[in-house]
Amino acid sequence: MLHYFRALFGIINRELWRFLSQRGRFFAALVRPLVWLFIFAAGFRSALGIAIIPPYQTYIPYEVYITPGLIGMIQLFNGMQSSLSMVYDREMGSMRVLLVSPLPRWFLLVSKLLASTFVSIVQVYVFLAIAWFYDVQAPWTGYLWVLPALIVSGLMLGALGLLLSSLVKQLENFAGVMNFVIFPMFFLSSALYPLWKMQESSELLTLLARYNPFTQAVELIRFALYGQFNQGALLFVTIILLVFLMLAIWGYNPSKGLMPRKRG
Amino acid sequence: MSDSNSTPSSGGLTVNNLSFAYGKKTALDNVSFQAHRGRCTILLGPNGAGKSTLFSLVTRLYASKIGSIMVDGRDLSKTTYKALADLGVVFQQATLDMDMSVLQNLRYHAALHGLNRKQTHQRIEQELKRQGMYERRMEKIRQLNGGHRRRVEIARALLHEPSVILLDEPTVGLDIASRQAIVEHMHELVKQDNLAVLWATHLIDEVYENDHLIILHQGRICADGIVSGLLEEFQADDVGQLFQMLTTAQRVA
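Those protein sequences? They're chains H and A, same order as listed. The first sequence begins at 1 in this note's numbering and counts up one residue at a time. The second sequence begins at 1 in this note's numbering and counts up one residue at a time.
Because the hints were derived from the structure by calculation, they are not lab data. Each residue gets a CB set at the ideal place from its N, CA and C atoms; glycine is no exception. Take the hints with a grain of salt, since some may be wrong.
[To be verified] Label pairs and their calculated CB-CB ranges:
(1) A:Tyr22 to H:Ile39: 45 to 53 Å
(2) H:Asn173 to A:Gly48: 22 to 30 Å
(3) H:Pro54 to A:Arg74: 56 to 64 Å
(4) A:Asp29 to H:Gly232: 50 to 58 Å
Okay, chain H solo, but in the shape it has when bound:
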């Protein structure tokens, strides 16, 4: 059992070190949501009125509405970044060091996932601290309640990244992931606008957005930030997490997965 803990600690330690030592990645991860918060939200504030919708009990500025979406964005990009680095590691060979270690492959992949989620949570709290100074403040208990929500949503988005890394064979193909995964997931969700607003434009898009796992992750975070529990979102995100994770583990299985095609 100690072996498992040591390996998990080693993997988390490595991911965190890599994240902190790559300053460009650290700042990019922070600047992206902050640009949306400071510039995009400021522009949209007057154009988009937010009615009183749960979990909010009063009218809220657009910056407050968009914050859970930007938290989701941090975790979504982190999941994709982690998947990109796994494809890179596989091409460069360092992924092999992990995969030939004497531990079950599912454990190694889950450890990698936990490490990536941990890194994303560190980013989220730094973002929340900056947003706090910008008057985007949740009740202080919300900062604690949001932690379990961040773990589940981070794991789900990280598992998506893991699954993609098992499907994407070459680094060059990763640009497609941006176009076909990140952008549709982000824009077709409740991150930037409430679904009732979208419904005014298109019923179909609203339906798609409602069943978008990213929407459910954002809603889970939004409610948790205000100390409320969104049971439906939690259930949805957990189920999708398990599906993505199982598919990713299957994808990395040496005898059943997508790595080599075997005869034996």
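Once you've looked at the hints, dock chain A against the given chain H.
The following block gives chain A in isolation, referenced to the frame of chain H:
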């Protein structure tokens, strides 16, 4: 050429009737051999002979249902993790994290193999000193030259004290001096630690007279034995001629 005539001890790596294909393309066809402890087993073959596929199967990166692989008596398909714990691997591609220091790379490997803090410290110090890299432990991998990176990878492969070491063309891309140094160093380690070493290469000058030689060509073994014995058997002057003879004959056939 080595002048050692010591007999290798039992254990090591045993491959029995192993076959593997990528779709319809056969990569390995009924391959069987043994790599004994205390001796370097050189797996010689041209590019595309199936060496890297064999390494991927032995390290369980790929899996095959045809044939078996035993690491120091343990069946890789049945006791996978115990068998993997007994393997040290130096891959063809550099697999060190370039932005991390020598020490950090080795600590990461030690964690994956479940070494505790004290063992990690002791083993890293011991192996880096043996590779002459201890003084450079704080340097980032990016700052090291190719030969030194390989030394760190060898130290890493030995860190958890495995009984079988796999080296997949470890001298590719190195200058002659670095290549010679690594070849000599590995031959010394085999004797010192009584290791079983499987060394894949396509470079004939890396083969010593007392080495166990396996020639792999088009996924099949066409020679298996001690170099001096094979030279006598096939009436070849040197390994180059032997290799040429066997791989050309196969190609014509």
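These are the hints, each one checked on the structure:
Remark: the range hint 45 to 53 Å for Tyr22 of chain A to Ile39 of chain H is upheld by a beta-carbon distance near 50 Å. A beta carbon spacing of about 25 Å between Asn173 of chain H and Gly48 of chain A agrees with the range 22 to 30 Å that was offered as a hint. Taken as a hint, the range 56 to 64 Å holds for the pair Pro54 of chain H and Arg74 of chain A, whose Cβ atoms sit roughly 58 Å apart. For Asp29 of chain A and Gly232 of chain H, the Cβ-Cβ distance of about 56 Å falls inside the hinted range of 50 to 58 Å, so the restraint holds.
Comparing the model with each numbered hint stated earlier shows that all of them hold.
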